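The hints should help you fit chain U onto chain R, whose structure is shown.
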Amino acid sequence: MILEEPPAPSGERPALTRTGRWVRGAAGLAILAAASEILGRAGIVDRDYLPPASAVLARSVGLLGDTEFLSGVWSTVRAWAIGLAIAVGGGVSLGLLLGSVPVLNTAVRAIVEFLRPIPSVALIPLVSLILGTGLRTEATLIVYAATWPVLFNTIYGLQDVDPVAKDTLRAFGFSRLSVTWLVSLPSAAPFIATGIRLAAAIALILAVGTEILSGFGQGLGVFIAQAQQTVDGTTDVLAGTVWAGMLGLIINTALVLGERRLFHWHVSQTKDRS
Amino acid sequence: MSAGAGGRTVVRLGAGVLHRWLALAVAVAAWEVGTRAAHSPFFPPPSRITSRMYHLWFSGPGTRLFLTSDATANVVPSLLRMATGLTISLVAGVGLGLALGRSERLFAYFDPAFQFARVIPPPTLVPVFIVLFKLGTQMQIAAIVFSAIWPILLNTTDGARSVDPLQMETAQVYKLSAADRVLKIIFPATLPKIFAGLRLSLSLSLILMVFSELLPGTANGIGFELTDAQSRSDLPTVWAAIVLLGILGYVLNAILLAVERRVLAWHRGSRGTDA
Chain R
19 MILEEPPAPS GERPALTRTG RWVRGAAGLA ILAAASEILG RAGIVDRDYL
69 PPASAVLARS VGLLGDTEFL SGVWSTVRAW AIGLAIAVGG GVSLGLLLGS
119 VPVLNTAVRA IVEFLRPIPS VALIPLVSLI LGTGLRTEAT LIVYAATWPV
169 LFNTIYGLQD VDPVAKDTLR AFGFSRLSVT WLVSLPSAAP FIATGIRLAA
219 AIALILAVGT EILSGFGQGL GVFIAQAQQT VDGTTDVLAG TVWAGMLGLI
269 INTALVLGER RLFHWHVSQT KDRS
Chain U
7 MSAGAGGRTV VRLGAGVLHR WLALAVAVAA WEVGTRAAHS PFFPPPSRIT
57 SRMYHLWFSG PGTRLFLTSD ATANVVPSLL RMATGLTISL VAGVGLGLAL
107 GRSERLFAYF DPAFQFARVI PPPTLVPVFI VLFKLGTQMQ IAAIVFSAIW
157 PILLNTTDGA RSVDPLQMET AQVYKLSAAD RVLKIIFPAT LPKIFAGLRL
207 SLSLSLILMV FSELLPGTAN GIGFELTDAQ SRSDLPTVWA AIVLLGILGY
257 VLNAILLAVE RRVLAWHRGS RGTDA
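Residue numbers (our numbering), protein chains in the order written: chain R, 19 to 292; chain U, 7 to 281.
The following block holds chain R by itself, in its conformation from the complex:
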């Protein structure tokens, strides 16, 4: 994911090539796997506690043939997608509203600043009491947590809009709404995209977290929570964790690539990664 070669420390060996990095990365993973293998097989660590990497990987692959597991993953992804979609829609519209009406912005900001620091997982018990367990609870919590990054990035992006461009369109008699639509929104879009990427990660945290806490129903988190309850379910817990990580990786990679494709013209993409 590194766009440009990092500067080589002066007077030292030359910078690594792309192959050099790949080989070393693969070696790092292999060493890690081997270490867990040795610890497990030599009996240094109890296999019930920390199964060797090969067993976890084999189980992870095996889970792909398990329809119940797959439908669990699907329901997690569905809750994630529904929650995120609502959060993006709500966050962007609220951001546009607050970003273009300063009076409203100051007023709502105060309320927002008191709501935002509440750690979203603390709401899981409350929302579960009100809505029970299931998709509605999960989606509600995701919406709450994922709206913030979208909202703040939208407002932030709107502050960055070139005022000359807005004034020009206004001078030509375009309405406020069409100025927003034609100038502000496209210009803020790269910032909004960053907000969506952050929100997507948070949404996944909330989806899996809610499922782990509720412990029944369907979902990747439920699978992990139930595996934890069973005797020698550690392999399943870790295999589930591997898939949770894969989900995170797939989502993040897709969004980063999407951003790079859509907004390759924008400074945030031409500068360094971060």
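Hints listed in this document are in silico derivations from the structure and should not be mistaken for laboratory results. Because the structure is a prediction, the values reported are computed rather than measured. Since no wrong hints were added, every one of them can be taken at face value.
Facing chain R, from chain U, some residues (calculated, C-beta under 7 Å):
1) 29
2) 130
3) 137
4) 217
5) 255
Heads up, the beta-carbon is just placed ideally off N, CA and C, and yes, glycines get one too.
Leaving out everything else, chain U in the frame of chain R:
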């Protein structure tokens, strides 16, 4: 902010503060009226929540800073866990990050493993740690560290990689020792990035602190109080715990920002920007 507009700015600022507090007051009042009218057991009025907060935690004797025994039994352990987890993350993350940032080869070995560890949704790891560690504080701190360390570690690495090569060359010319180079050049240059990571880690550690306490196997903590109240359907206490966590999040973040502003005063000053 130009000097000429100073007076007007003060007036505007004053109006802004008033405006903000007014909005908040109106919102709370509306909530009070609405919840009183609705009589929903799920939404107690704010006045009941605050009085519950007072009775639960802040009605203790003055000699103990007005903290009740419930506060010292639940709030304090939570904060200690969070502080311990965050400190370990900070020390380990900065140490490892500086090393990885200055050695491209070392970094290449770890990068894929770290990138994967970072994308795992942190709550998923709590069941893993419940199995690996003893229940209770040990597991909770492990869970906090394993999620809070990534932003610090990756940001430090990033910052240490991009230290101005000219500064490093100057250090070489003046024959600075390796320790001096780390302490006087690399570490200060990395500080802004470290703080950026620390801010993320702070909110992550708060989230993980609560989450690890929500799961069975905890005997105390704010999260424990929260689930305990949930199981008794004691809604005012559930709300009180949530509000307390919100206040804690706000205060901790404000403290961190104040420290950051102090520590990084030279940074912004020397660059001549006030972003």
